[in-house]
Amino acid sequence: MAEGKIENKMDKKDIDFQKRIQATFRIEAEEHLRAFSSGLIELEKTTPKERVAEIIETMFREIHSLKGAARSVDQKEIEAVCQPLESIFAALKRNEIVLSSASIALFYKTADWLSKQIASSVNEQTVASRKIQQDIIRQLKEVAATKVIVPAMQESSEANSEQSHSALSGPISETKQVSDLSVNSTPAQIGMVRIPISKLDPLLLQAEEMIQSKISIDQRTNELKDLCDELNEWKTEAQKWRSRRAVATVALWNEWCDTIEMHLNKLETRMTEVIRSMEHNQHNLDLLVNSHLEAMKQVLMLPVGYLVETFPGMVREISHEQNKEIDLIIRGAELEIDKRILEELKDPLIHLIRNCIDHGIGKPQERILQNKPVRGTINLAFVAKESGQVEITLSDDGKGIDRVNVLKAAIKSGILSDETAGKLEPNEVLNLIYQSGVSTSQIITDISGRGLGLTIVQEKVEKLNGKMSVESEEHKGTTFRILLPLSLATFRGILVKVEEFMFILPTINVERVIKVDQEDIKTAENHEIIRIDDQLISVVDLAEVLGLPEHKYVVPGKMEPGSAYSNQVRLAILVSGNYRIAFKVDDMVEEQQVLVKRLGKLLYRVRNISGATILGSGKVVPVLNISDLMKSAVSIKGKRSETSARELFVPKTDKILVVEDSITSRALIKNILETAGYQVTTAVDGADAFTKARTGEFDIIVSDVDMPKMNGFELTAKIRNNKKLSEIPVVLVTALESRDDREHGIEVGADAYIVKSSFDQGNLLEIIKKLI
Amino acid sequence: MQICKRNKEMKKEIRIKLKERAIALAKEPVEKDTSSANIDVIAFTLGAENYCIESVLVKEIYPLTDFTPLPGVSSYIFGIINVRGQILPVVDLKKFFNLPERGLGELNKVIILSNEQMEFGILADAVHGTQTIDLEDIRGIPPTVSGIGEEYLKGVTKESLILLDAQRLLSDEHIVVNDEVN
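For the record, the sequence lines run as chains A and B.
Our numbering applies: residue 37 is where the first sequence begins, and numbers increase by one.
Our numbering applies: residue -10 is where the second sequence begins, and numbers increase by one.
It cannot be assumed that every hint is accurate.
[Said to hold, decoys possible] These stretches of chain B come out as covered by chain A in the derived footprint (C-beta under 8 Å, 3 or more residues):
| id | segment |
| --- | --- |
| 1 | 112 to 118 |
| 2 | 161 to 168 |
[Claimed, not checked] List time: in silico DSS-like cross-link candidates among lysine-lysine, alpha-carbon distance up to 30 Å:
| id | chain 1 | residue 1 | chain 2 | residue 2 |
| --- | --- | --- | --- | --- |
| 3 | B | Lys1 | A | Lys655 |
| 4 | B | Lys84 | A | Lys533 |
| 5 | B | Lys147 | A | Lys637 |
| 6 | B | Lys48 | A | Lys633 |
| 7 | A | Lys655 | B | Lys48 |
| 8 | A | Lys637 | B | Lys84 |
| 9 | A | Lys655 | B | Lys98 |
| 10 | B | Lys6 | A | Lys637 |
No wet-lab data here; the hints were simulated from the structure.
No residue lacks a Cβ here, since even glycine has one placed at the ideal position from N, Cα and C.
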């Protein structure tokens, strides 16, 4: 199986890598299987229909993930079993199959076989095992074939009847073992961390040391209390002496003074001692906290390899699907990065790599024409930079980004006017690819081409306090560069004051903070601008953008008492994505290391604020979300100048024809679209839809592919051939996930193609918004 | 000095509370057997009303010394506070329930509500400690007693304390701020 898995020569390093990847797969696969088995057990016990649907959904996802994982490490035997199993669960989800106790028994048998196969480290299997495997596959296919169209809810979930137990106790003796395995875990495996013991030990040690610190501090508290008590005694004594003042002799008086002095000296000595011990404790605690933080950070650091080891398989698979030959070369996989950052990086990187394969690198024949090697190369490199950052470069030797096409797409989506388009610098044109809605792809697929992907990638990178840039040379290739902090804790921020409020601006978004004269800020078309380095940038008031209470607009020349720079204004020039805006602040306090904390579950997402930090004084200060802030600033500017918003909003009167044979899917899609403000008409199959389309007026048609009478492809073809209807955009929603089908979709003239398994309403709405 | 005193009071309060809880816990099995259902509540004042809330969902009572308001959120989000290094959002129930604002309260306590899914603080003018309430003594709400939507109330006790439904508050999705920028 190793052959061709990695395109480089097989040396020892590769073998090690193979071992590691298989080990990783085993752990992951066991998790999926455990969750699947837990689901099975619950399925046997549960009757409420909603819960059953939930469990089936979870199990479907688990088996789907297991299949994917198996495929990426070339475990064909496992994949072969997962395939029919997944189909069954997909059908169960759609209520097309009735769950029977016999099928549950079969699922147990399957889980058992899978667990054995996963545990055995080799990809081969014994004759007996193969026989069982073929048996299982045959039986699974039989179950899948019982597929009937049950229109509404499923009828039977009497899986917990006696029958199922008898079915279970028969041929499958290992079933019990599987269930034992799964008792302790819940189906949801989210938020798990695997930590090597070597990293945990120091943590444990530190925790123990903390007990010592706690005891010491308790003691100091007691010592201080004692001192306090003693002082109080002396206070009482002093009052006694005050009352005796009249009768006191000089000798007595002197004696008293001596005693007082002596005791004061004693107290002082003890006090000094407590202070010294306190300082000692504080010093220890400082060290302890610092090393604890460091060790904690180490726990969360993982080598990049964990993130990227499935990438070569993925690249091979996708490029194979598209008849391309592509090598992925990864460098710097040993670099350690905070786990939380790695996790957030996974999707953006996969997206970028897909982009390279889909749009960057051409088919072999194209490459030959351009005198390029037949095999394309994608380079993914992780390099540690000074100042605790990592630079990720992803480059391909493909076609490069066609700037003309980008400009066309931007103008088409309304982001640019023809006029401004002509004035853009080449690199400014490239930056347009981040704009949502700009895609140069001919057909929209759910993976790439919707022009949303890069926007999301960029947002993710910025959320991690990173920066992203792109370089591209036509016919030579494209390079994406991402600069990220290695750890989430190494975050620097600038503390600013606006009126009585304090905020943190992430340093990475602050180009600079400057003081300018009020006169330098000019007013144009109702909003303020300033010229900096020969560039005009907008000026907005941070207080106004944030909507601070009792906000006083900054009056030009506002006098600050005792200030010689009374008519000076402080501007923080912030950059994010394509925005560069100057924000007025009252004061810049300092730049400092910031530990960003979440706002709590109640505040899931707050506009303009990404988190909060606690200053040394204990004061809580919000950390601003610059990408939000930019959008808020733009919308305020828009409101003020009362120009019509160029944002794409949903026109309330757009009419949509939804074609879907499943009553539940139909209701779901109708509901989503109506909530978004569209007027929806439904049709039950292609023939019905075609009739309705001819008699009614529609702005877009959303259709299922698999339907009785006339399917989605036929419908699309008919619409394209009809004079009156040919211009209507058609979105195909389908359960089929093959490239052939997508291409079939293009052939018949569909404008977009969404695969049901990855269906979400945001997806659908974005596409519709774009097409209408 | 004052802080010291307050801390002392707090400690005393906590000690008493813990004792009471311990006693209540020790009693519980017996009471369950005799099937007379009691619940422990924490009584507090907010604005013009006296409320109580089930103590099982109260994680702790925290003194409100400082807070940070957040710009641009609904007014019922009073702000965020620092609870031993963690950020805790604090809700002003008067605003959430649309109760009339009658003068300035003392607002010096935060009752921290918590279950597995959610955690936040609610403001209180004063906290009066715990009591045990017989569930049978809880009556329905006369519609005029309070401006609060009935769905958040469990009833009124003999002592005219309004029993808030903490579980409901914690699981209410209307209270969660999830604000996208367009």
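Hints, verified against the model:
Residue count for the segment 112 to 118 of chain B with a Cβ under 8 Å from a Cβ of chain A: 0. That is fewer than the three needed, and the coverage hint is violated. Proximity of the segment 161 to 168 of chain B to chain A, defined as three or more residues with a beta carbon under 8 Å from a beta carbon of that chain, is established by the 5 residues found. Proposed proximity of lysine 1/B and lysine 655/A is supported: the alpha carbons are some 27 Å apart, at most 30 Å. Between lysine 84/B and lysine 533/A, the direct Cα distance comes to roughly 28 Å. Compliance with the 30 Å bound is thereby established for this hinted pair.
Distance restraint check for lysine 147/B and lysine 637/A: the Cα-Cα separation of roughly 35 Å exceeds the 30 Å cut-off, and the hinted pair is therefore not satisfied. The hinted pair formed by lysine 48/B and lysine 633/A meets the criterion: a straight-line CA distance of about 20 Å does not exceed 30 Å. Of the pairs offered as hints, the one joining lysine 655/A and lysine 48/B holds, with about 22 Å between alpha carbons and a cut-off of 30 Å not exceeded. With a C-alpha separation of about 19 Å, the suggested pair lysine 637/A and lysine 84/B falls inside the 30 Å cut-off, and the hint holds.
The straight-line distance between the Cα atoms of lysine 655/A and lysine 98/B is roughly 18 Å, inside the 30 Å bound, and the hint therefore holds. For a cut-off of 30 Å, the pair hint linking lysine 6/B to lysine 637/A stands: about 27 Å separates their Cα positions.
The structure fails hints 1 and 5 (numbered hints given earlier, in ascending order).
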